[in-house]
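Fit chain B to the supplied structure of chain A, relying on the hints for placement.
Quick note, the sequences are listed as chains A and B, same order. When you read off a place in the first sequence, starting at 1, and then add 2, the result is the number in this note's numbering. When you read off a place in the second sequence, starting at 1, and then add 2, the result is the number in this note's numbering.
The set of hints was computed from the structure by calculation and includes no laboratory data. Bear in mind that the values here come from a model prediction, so they are computed numbers and not experimental data. C-beta atoms are modelled at their ideal positions from N, C-alpha and C, and glycine is treated no differently. Take these hints with a grain of salt, some might be off.
[Claimed, not checked] Computed, partial: chain A to chain B, Cβ under 10 Å:
#	residue
1	A319
2	D357
3	Y522
Number of protein chains: 2
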Amino acid sequence: MPCLRNILNPHSVAVIGASDSVVKFGGRVMSFLIKHGFSGQIVPINPASEQICGLKAYAAIGAAPGPIDVALIALPARAVPAAIRECGEAGVRGCVILSADFAEAGDEGATRQREVVDIARRYGLRIIGPNCLGFINPGLRLALTSSVALAAEPMPAGGIGLISQSGSLMASLISHAQDTGAGFSVAVSVGNQADLEVCDFIEYFIDDPVTRAICVYVEGLKDGRRFLDLADRCRDAGKPLLVVNAGRSEAGARITQSHTASLAGSSEVWAAACRQHAIVLLDDPEALIYCAHFLIRFGPPSGNGVAALSPSGGTIAITADRLAAAHLRLADLSPTTSSALHDIVPTGRPLNPLDIGGLARERGLSAARRAYELLASDDDTAALLIVVATTPELDAKVRAWAELALAMGKPTAVLFPPGALVDRARSILRELQCPYTNRMDDALRVLNAAIGYGTALRAPRDAPIAPINPARVAEFGAPSSALTETEAKELLDTVSISTARAQIAMSEADAAVIAGAIGYPVVLKLSSRTITHKSDVGGVHLNLRDEQALRSAWHDVQSRGTALTSPEKLECAVQPMIVGGTEMIVGTKWDPQFGATVLVGAGGIWAETLRDSQVALAPVTTRQALDLLQRLRMWPLLAGSRGRGAADIDTLVEVVVRTSWLAATLGPRLQELDINPLLVKSRGEGAIALDARATLLPLQL
Amino acid sequence: MPCLRNILNPHSVAVIGASDSVVKFGGRVMSFLIKHGFSGQIVPINPASEQICGLKAYAAIGAAPGPIDVALIALPARAVPAAIRECGEAGVRGCVILSADFAEAGDEGATRQREVVDIARRYGLRIIGPNCLGFINPGLRLALTSSVALAAEPMPAGGIGLISQSGSLMASLISHAQDTGAGFSVAVSVGNQADLEVCDFIEYFIDDPVTRAICVYVEGLKDGRRFLDLADRCRDAGKPLLVVNAGRSEAGARITQSHTASLAGSSEVWAAACRQHAIVLLDDPEALIYCAHFLIRFGPPSGNGVAALSPSGGTIAITADRLAAAHLRLADLSPTTSSALHDIVPTGRPLNPLDIGGLARERGLSAARRAYELLASDDDTAALLIVVATTPELDAKVRAWAELALAMGKPTAVLFPPGALVDRARSILRELQCPYTNRMDDALRVLNAAIGYGTALRAPRDAPIAPINPARVAEFGAPSSALTETEAKELLDTVSISTARAQIAMSEADAAVIAGAIGYPVVLKLSSRTITHKSDVGGVHLNLRDEQALRSAWHDVQSRGTALTSPEKLECAVQPMIVGGTEMIVGTKWDPQFGATVLVGAGGIWAETLRDSQVALAPVTTRQALDLLQRLRMWPLLAGSRGRGAADIDTLVEVVVRTSWLAATLGPRLQELDINPLLVKSRGEGAIALDARATLLPLQL
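Pulled out of the complex, with its shape left as it was, chain A reads as follows (with noise of 0.2 Å):
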């Protein structure tokens, strides 16, 4: 992105709109631009002055001394075609625009902004905004934004790039670095990303060399798959990218919408693809600049067990609770570490967490060091947490523990008391660098971020192979989107899942042939391409003994089906009853942002109460869809306990790759199968689909 190295390194910019009034967007932009220092020239535009903030102002853009690399414009909407029309004719390369009123304030507004940047494709002028607050590069001493957070100096300059989707977020998060010591090469609001979108700005900051962690406040991505791969390359180049997403909850969804005029996506596939790029998704803006901090000064963990320290009794016990709470695993300290702790501390007293509390004070100091570096070598120890108490020679200490662990390059979360008393060491720890939060909750988050990045990064990243036959698979094609369940099994067929075939019965009397054919027990289900979810009409009657439980069962079916569709006679399917296996749910949705996803849970009755189920960007691999297992609260009844044997897990695995194999192959054509049940029998017995139901788009022709 050459355009954008141009843009956010500028040597010259235009505020078209400027003023002398700071209570007008223009008037802040210029005080802020003089203020912070600028070093390189600063242009004015206004027809109504001659000079602005003692510069020489222009009444055009074209009037004024070229070239101008960036170019803001704080005017009202409606003004801002012609702006960049001007701006396009005086060959400026950038232009970022404050003003409001475009795609987020309905049609009208979307219609101006195709208008703007259709002018600016023209000129080959890249466009920041629409409704956004700018940018800052303390490098340059550049604040080119109209936010009021800049008022305080100075910029805090540091390694993160920050890129949001919120003005007022990033103006909250340049105040959250000042208070902390962290600082930006740049952070940039995106608004509407009309043309420069989120994914631009990730580019430039993977390139740029002082750039060392991407923070991303974002509310729906323009492309996902694109998102993705940058996510990949930032994984290569060794710099986090650390990631809030909104519009995860319901009612988050509808504001991102109305806020920005983003889609947000499904919560649990955002996770998923976070998981499986290394990317650090976190729920809270201020924990954006927490994490990357303490990634820049520390780089990732090389495990995950945790050490904790604290002068204080009672803190360390709620910090235990913490820990656990938050599932970060304690360090197992190794003999030679709690022999030697046990020369400082009393015996008896546990060692990790470990209250330093109460020892003499000749060794206060002495001891406090120690303790640090015992425990931050033990080779369990991959991160420590320091939970610093109001006591004497508080400030020596913790200067020593931050000077040890930045000296010893070991990722340690220092958390502090409330309280002005602090005040000092705070500003002990800013000098050097060392990161620090002020409450557990962002101690915690900083830890588990951490350990889940090198976690993320030290996965084995196994490219997946197709089990399956693509050709087969993409011609399969039915009458209807809507998959009866034997269509919804052929196509299960086509990456060779096992399925319990049913046969169509036409009449009551051809129900009864079929199952004296197969057998008792059978089960009798409602066909039908517009009931899809038979269970919930009660259309589904399982293990039917004898002829005279299947023919009442086949005159349930049919009210009950003719109440909901039609007074027409209906199909009902009668398949063997099959029983003894776990029940579990195999499924793929297609995904607007990311694309096609693949779940697996809990399935049968629990399905739906208890959405144990997790998701995976499909395809995966077969280590992939064991993880995926695993997470899963029930995994201890999949693998075997409680006087139960294991279930089959190779063959669920192996379905579960197939699976993502043929929503990955279909693309935006399978909207969505749910294989429920899949039966997973004993090690070794195999699993068979029961039941499936599917929405596949028609095939192009």
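Positioned in the frame of chain A, the structure of chain B alone reads:
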């Protein structure tokens, strides 16, 4: 507790071990007493000085002019018993012992602690500590503590009564209150609770007119039932009781044992006890102060609908997601509220949570005010969340919101963004004594705590009525504590819970005769007093369809059982195979802290895997039992869904109630009981205990 009133509100305090040096405990205590301006008499005791901190010092407490209300002891542990004796002789009413090396430090310390208590009892002298940090009474400007937290001034005065088993946590919460504008009636650190314990202070605070909310950090209760009785008195007095209990995790429990010699209780039982007694249970100490401050200023919300607003669109999208993740319900605004809000914000914009950003400048402040009024006046809004963002006119908006919230008496959580830019707004809220938080996690904790407290207050307090014959239960006994399945089912008979009776077979032939008589299919189970988890060892064979299957099962059980216990032949039980229904577990456990408890959850093979269970203190009412069921994840399966009819919930509730009475009646004799599975059939068809095991201590004759 009249004695506590004297000790916590003294006219005269002595410091035994007083010093001029602030690196010594007794020196810091003296310096804080003087610095904070305690208006009563301060009496330094030190045999080596004539004057300390400018005050006349005495060689011994007996030499000082009396009466002394409270003496603080800052001496090495070995000197404490003699000091206590001297205090007793001198007529001192209470002693605060800072010294450590008592019960928390092993056997020798425990002996010393008993000695100190014995001496004190002889003189009617009460003790706070040992191993504590003393207390503060800001109303009297009295800081009787050595904590360096008291270096900051002034002490925060207010309506919170704080009791902490950790001294350094008390100190950090004093700093936290200073930061946030909250304050204390008294904050006390109770240490080892050798004499005065947490409950004594709760009792004091209930009667203390200045105290309006009571916060407790506890590592272990000395008397769980007394604590719950006092919780009920807090509820009656309208004073919320807020608790953080440490030792919820295994590692945390090891630490509390080592730190203050406390045995932590089960975290599930703690949660149940708090829910049943309107105690606000929190996971974070600082949250105690946030939540107490909020409840003092606003009282409990009248419902559970939450409305939120922010001037930042990105922030409001995140807010919606976080509220959903915290299981807070968005208020469902009335059409009247909605149409009035649409006079302020563009149509199409979601109204709750409400983004009031981008409104025309001239209407900014009035729109912000009006939006709050409309949201707060809606019938379904019980509490509000304001997420402040750095926008123009920030201070005026924040002041307007806070004044409206306090005037309307509407519980409103204000969340500030990071950064020094909002420091002025923060100080406005402190002046108004309007609570606020700086992190979303804390805002959500406050809302959940307040709404949960309000809900608990409104919960009906119907008195439980025993549906059983307690005498019949109480006289039940068995030959050994480990009951056989048959004995456990006899125990269930005493409270009229239906059981599937098994008949004991002494031989293979015997088993065949029994099975023939009751009819196939049958179940064959190992019957043993020593092997109580039969399934785990393969000792249960289900669904035996004929004699051949039965005989083969007999041999399998014999070989497995023999391998585990003795070379002799084992007994087996034969019972009818009963199918169709939902398998549940209902159980009891004696909790050393809170007494009898009852549990209900998913049973059978799912019991251990899903851990979908709920616990309550026993006995429970019908309403409470139903509430437990409704909190299970599997509740939809019981209530009927996905084509399944409802289970016999009435009978299940009755079984839970009767089991809870069994536990309550037998008390500590019934160590534990598991009915698993309890097969719950369709509505109207009952429930039957298929298996049961119990540990019942012998009758005390």
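Structure-based check of all given hints:
1. A319: holds, 4 Å
2. D357: holds, 7 Å
3. Y522: Since the shortest Cβ distance to chain B is 15 Å, the answer is violated.
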